Each structure stands twice: as structure tokens, then as C-alpha cells.
Amino acid sequence: EAAVTQSPRNKVAVTGGKVTLSCNQTNNHNNMYWYRQDTGHGLRLIHYSYGAGSTEKGDIPDGYKASRPSQENFSLILELATPSQTSVYFCASGDVRRGVNTGQLYFGEGSKLTVL
Amino acid sequence: AQSVTQPDARVTVSEGASLQLRCKYSYSGTPYLFWYVQYPRQGLQLLLKYYSGDPVVQGVNGFEAEFIKSNSSFHLRKASVHWSDSAVYFCAVRNYGNEKITFGAGTKLTIKP
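Protein chains in written order, with this note's numbering: chain A, 25 to 140; chain B, -16 to 96.
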């Protein structure tokens, strides 16, 4: 069974503080993704990665950094958190078979971030 | 740039009735299309996917979707809904070149008893 684990599940941060959201996958998938989910917007792609050492900008990367130190781990970093970054964040890993990304994603359970 | 539009933010259907959730996509190449479902306080789970071939694809729990290229649509259907189908449904498109996967805003489905 594919497994994607996010931590922390809930986080309250102050404006201007640094926040790190972590994601670990045991699927041995090359691709990993960070999305945020907001009412009316659905899921929006922040950053993604093709493998260890790679990070790519998604559709809304401003204010976020990403780090992929290993195949298993992908972090999302908010250096200076703002209230507009209050959201639920989802990490996902991508299914790659025989070098072809089938596009199926396996999601974690989400991390709820509140920035005061 | 690719995009997905789900025009109905909320849909309410009576239990046992049929269902159609609409999805339209914008993508210049051959699309890889998906429907995902999100139950309360959970991540998303794959319902079905379309890559090529038969434009009608079957998914889990009796769901199916039809790819209509001429209309850039990938609507989700179910013949008879159950109360447990209450959830948020997302349509998504994959960019084959850069592997970005873009989601629509989602449709919240409520089943009336």
C-alpha cells in the first residue's frame, strides 16, 4: 500500500516566523508534489520534484521554498509566514512505471497551517 | 498552460438518482485526465484515469467518465448514487512534458436521503 506521511498535521505559526512542512513517502516514487487547498480554488501546485536534489516551481511558488534531500523526503519551507498562507497543504508522490509517469498521485492526509 | 474548469461548486442529488459532474480542460497536447475523490479530513484518492483508447473509462464504486475531445470535456457519471458518495470530487489534467498535474476547483457532492 502506497504511503505518504505529512508532519506536522496541525501547525499554528506567527506572522514572520519560519515554517517547515515535511513529507515522507515509502512508495519509491520519483515525483513528489506540494499543493495547497483553499475553498473556491481547489488544489493549487506550489512546488514539485523529479527526484532527489531537484525542485521545480509550480503555479504559485511565491513565498515558498522546497527541498528534496532524498527520494523519500520533500519539504515545503515558508521563510517568512504570512496570514495569506493559512491553508491546508497536501503532499503527494507520483506513480512512475517503466520510466513513464502515469500521473496517478498518492496523497498524504494534509497539514493544516494557521498563520496568526 | 493547462487548466481545468469544474463549473459546479456544489451538486445535490437524491440517493438512487443518477449523477453527472462536469469537467472541462484546456491542454494543447493529448491529455492525461483524472478524477479524484476527497472524503472529509482525508487526502485525495484516485477514482479513474484516462490515457488513451476507449473514451469511456470505468473507475471504482460504479463511477465512469467519458473523454470527449471535440468538447474538451471529461464528465464523471454514476447511474445510481449512494449516501456514501458524499464527498468532494476533483478533475485533473497532467502535462506530459513537465509532469505538472493541475486540478480543478472541485465539486462538493451532497446526497439527499
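Because the hints were derived from the structure by calculation, they are not lab data.
Just so you know, not all the hints are guaranteed correct.
Listed below are several chain B residues computed to face chain A (Cβ distance under 7 Å; list not exhaustive) [as the list claims (entries may be wrong)]: (1) 22; (2) 23; (3) 26; (4) 27; (5) 29; (6) 33; (7) 77; (8) 87; (9) 89.
Keep in mind the model is a prediction, meaning the values are calculated, not measured.
Glycine included, each C-beta is placed from N, C-alpha and C at the ideal position.
Against the structure, the hints:
1. 22: Violated, because the Cβ-Cβ distance from residue 22 of chain B to chain A comes to roughly 11 Å (cut-off 7 Å).
2. 23: With a closest approach of 11 Å, the residue 23 of chain B hint is violated.
3. 26: Residue 26 of chain B check passes; min Cβ-Cβ to chain A is 3 Å, inside 7 Å.
4. 27: 5 Å, holds
5. 29: Hint on residue 29 of chain B: holds, closest Cβ of chain A at ~5 Å, below 7 Å.
6. 33: Where the cut-off is 7 Å and the nearest Cβ of chain A is about 10 Å from residue 33 of chain B, the hint is violated.
7. 77: For residue 77 of chain B, the interface hint holds, since the closest Cβ of chain A sits about 4 Å away, which is under 7 Å.
8. 87: Residue 87 of chain B check passes; min Cβ-Cβ to chain A is 5 Å, inside 7 Å.
9. 89: The hint holds - residue 89 of chain B has a Cβ within 7 Å of chain A, the shortest such distance being about 5 Å.
Consistency with the previously given hints fails for numbers 1, 2, 6, ordered from lowest to highest.
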